[in-house]
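J.: So the chains spell out like this:
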Amino acid sequence: MEEKKIFSIAALFDTPDDITRAVKETTATGYTKYDVNTPYPVHGMEKAMKLKPSLLGFITFVIGVGGATFAILFMSWVTIVDYPLVIGGKPFFSWPAFVPITFEVTVLSASVGTVVAMIALFFKFPHNSHPLHDTNYMRKVSSDKFGINIVAIDPIFNEDKIKEFFKKIGGKEIETIYEEPFPKEIKMFDKRFIGALILVMLITSGVSYLVLNKLLYIQPYSWMSEQDKGLPQTKSEVFSDGFTMRQPVEGTIARDFIPYEYKGMKDSAVINLSNPLPYSKQVLAIGKSRFDTYCSPCHGYFGKGDTRLRDQFPKPPTLHSDKVRNWADGNIYHVITNGQNIMPSYEKQISRDDRWAIVHYIRVLQRSQNAKDSDFEDSKK
Amino acid sequence: MDYQKKELPKKFSTIGWILVLLGVLLVVISYLVNPMRASFNNVIALMFMAGISVGALVLVALEHLSGAVWSTPMRRVSEFLAASIPFVAVLGIPLLFNLHGLFHWTHTDVVKSDAILQGKSPYLNTEFLIIRYVVIFAILILFYFIFTRNSRKQDITKDQNLTKRNVKISAAFMPIAAIGISFLAIDWMMSLEPHWYSTIFGIYYITATLLAGLAATTYAVVSLNEKGYLHSSIGADHYYSFGALLFGITNFWAYIAFSQFLLIWYANIPEETIWFMMRWSGGWKYITIAMIVIRFAIPYFGLLTAQSKTDPKRLKIVAVIILLAHLFDMYWLVMPTYDDTAVFSFYEIGFPVLIIGILILVFSFQAKRHNMIPIGDPKLQRGLDFHL
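Taken in order, these protein sequences are the chains called G and W. For what it's worth, our numbering labels the leading residue of the first sequence as 67, then goes sequentially. For what it's worth, our numbering labels the leading residue of the second sequence as 5, then goes sequentially.
Because the hints were derived from the structure by calculation, they are not lab data. Computed from a prediction, not measured in an experiment: that's the story for all the values here. Heads up, some of the hints might be wrong.
[What the hints assert, rightly or not] Only some residues are given here: those of chain G computed to face chain W with a beta carbon under 8 Å: (1) 109; (2) 154; (3) 165.
[Said to hold, decoys possible] Just the calculated beta-carbon pair ranges, DEER-fashion: (4) W/389 to G/105: 18 to 24 Å; (5) G/149 to W/72: 48 to 54 Å; (6) W/278 to G/295: 48 to 54 Å; (7) G/324 to W/112: 54 to 60 Å; (8) G/147 to W/252: 34 to 40 Å; (9) W/271 to G/440: 40 to 46 Å; (10) G/440 to W/275: 36 to 42 Å.
[Stated by the list, open to error] Sample of chain W residues at the chain G side, in silico, Cβ under 7 Å: (11) 266; (12) 269; (13) 391.
We treat Cβ as the ideally placed atom computed from N, Cα and C, and that holds for glycine.
Model the full structure from these sequences, guided by the hints.
T.: Structure (structure tokens):
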């Protein structure tokens, strides 16, 4: 067996006052590389040991700031670049919504980072032990004794002198602690260890798979997941064409649905259509409600083309241009029903009467944005 | 207990008198020149000073209730600061003559045609406002006298039962104080915009109150102790506790203030957002940003490290900054109702000068008549021996 290297020389004391006095004398004698182990934090120890503030606080701060930066950048990337969605009409970069998450990520990364840094700094990862572990000294100081140990890297380290010094200041159970040999090959990558790790992974994933996908669905715990019905996006086993949903007989018309006779025709064919609805407050109220629901997201509440979709969809031109103002009612109706350029047909969504009501309302909007002086005169009367 | 009372220098109260006279002069001038603006500043002053004195009283009660030991040697400083509560009540009296100019909801003709204000009228009416004002301050003053009388009696009799009695009184005082301070905030600041409401506003002002009381106590304790007016045993560990509390409550303030903003921002309801829109237009935008910096960022980073919490110089500077930020906060809460653009001039200076003067005078009178350390308190020795 090779000769063991000395790690440190340790001594025990009975009371916190003893250990504080001993530490002060140790410092005064000139020892600098030593550590104190106590069952609980002894007040004034940092001062007696003349310790510099720990590096750990700074590491925590840096990791915390890193976590905050990561959270903000990640959320910005998701909401601006990768998957832009308008939520509540807010801009994509909505920093107030980021704050709680940033706070949580900061706290999480700072605390986890601190633990990792502690393991790395004090245990010198992947070495997962410390020479003081499993010594009589450690057993005593973790119950009711107060210990000090001077480490061999101290510049004026001398085994006999230190033992004498400890005896002089009243230390008990003076003990020499030997270095544990640093493992030559790292045990972590041992074949048996890796094998066991893979086995555990396979067993746990297998068991979870069986429990979640099979065990839970054994009768009567099927959670109604097995039902004899056609599901969307699946091939029908009943019908030969594979569609679950049947098509209506050709030429079928839904109740209250009147097919549009000018479907797909050019504008010129429909100018003659005139608005069948009267020009009343009731009709206009319906027109406004339908316009605000179906038209305003793109055209804006006043038809100015100020879309609320934040550039996710091309902006439509204003409805107050000379072109649209000079259109016949039938022409506007045709565009709503048939669609135009990128605008889809609204035949299915808006009923025939409501479409005509919208036409009335668009006329009102156009008048309101291009009011003449005489209109004001009229309203005064 | 080896406590030798040391008198404060005469210069101290002289400064107080000078500041009070200067303050009164400025206040009278501002009331003569522009009574409306002076009234708004009077509201700021009322809420600013209430923060310091009521906050100090809450700290006293908090110490009794939680059985804290570390703060016992410094409790008298809080008690001396709380002695200015009657003056806070007096400070609000000029306002009672100008309620019509300050509050929109006092205009009966407007309320008649406004369904929302009509709904609020059982609470928001002049009579009830005055009743609340009188009752709240009567209760606060009453509790102040009970607490301090017990404390002073103990200096002579060394009766331990008085401490027990104070604990019970504190338990009764705490909920009353919480409700009273919330009412003050709602009456004098939230009702300036009678259509707007925020359910978190009460706790926002309670936090400001605690912070102001604590910052004033910290500043007074550190500067008195540096010159040896308190006790030689009071040192780094006590400072650290003050620093940690200031740091913690600053964070709590940021939490509350941001919660208020986040909910209003998310819901985006016009009658709620208008309050923040007012503070984000004109010059107010820069005032708001400055508020975040001075009220949160500076105290936060100023007290972040462990060393800074034990450094007396740093503590004093941060405490003064927090007090300034408290004044600034009240300005930010009140003044947008007065003017759409941020205004600052001698009107805004008169009241703070007067208040600082009053606080110094009250403190010096109290310090002359009473011990600066509660020498009869059974917790005192443990407080002096306090170590983290």
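J.: With reference to the structure, classify each hint as holding or not holding.
T.: Hint-by-hint comparison with the structure:
Taking 8 Å as the C-beta contact cut-off toward chain W, the hint placing residue 109 of chain G at the interface holds, the least distance being around 4 Å. A hinted interface residue such as residue 154 of chain G counts as satisfied when its beta carbon comes closer than 8 Å to some beta carbon of chain W; here the least separation is about 6 Å, so the hint holds. With a least beta-carbon distance of about 6 Å to chain W, the hint placing residue 165 of chain G at the interface is held under the 8 Å criterion. Range check, residue 389 of chain W to residue 105 of chain G: about 21 Å between beta-carbon atoms, so the 18 to 24 Å window is met.
A hinted range of 48 to 54 Å for the beta carbons of residue 149 of chain G and residue 72 of chain W is consistent with their spacing of about 51 Å. Take residue 278 of chain W and residue 295 of chain G: their Cβ atoms lie about 52 Å apart, and the range 48 to 54 Å holds. One distance hint, 54 to 60 Å for the beta-carbon pair residue 324 of chain G and residue 112 of chain W, holds here, with the actual separation near 58 Å. Distance hint check for residue 147 of chain G and residue 252 of chain W: the Cβ-Cβ separation is about 38 Å, which falls inside the suggested range of 34 to 40 Å.
Between residue 271 of chain W and residue 440 of chain G the beta carbon distance is about 44 Å. The supplied range of 40 to 46 Å therefore holds. Taken as a hint, the range 36 to 42 Å holds for the pair residue 440 of chain G and residue 275 of chain W, whose Cβ atoms sit roughly 37 Å apart. The interface hint given for residue 266 of chain W is met, as the beta carbon of that residue sits about 5 Å from the closest beta carbon of chain G, less than 7 Å. At a threshold of 7 Å, the smallest CB-CB gap from residue 269 of chain W to chain G is about 5 Å, leaving the interface hint in force.
Checking residue 391 of chain W against chain G by beta carbon gives a least distance of about 4 Å; that is within 7 Å, so the hint holds.
Of the numbered hints given earlier, the model fails none.
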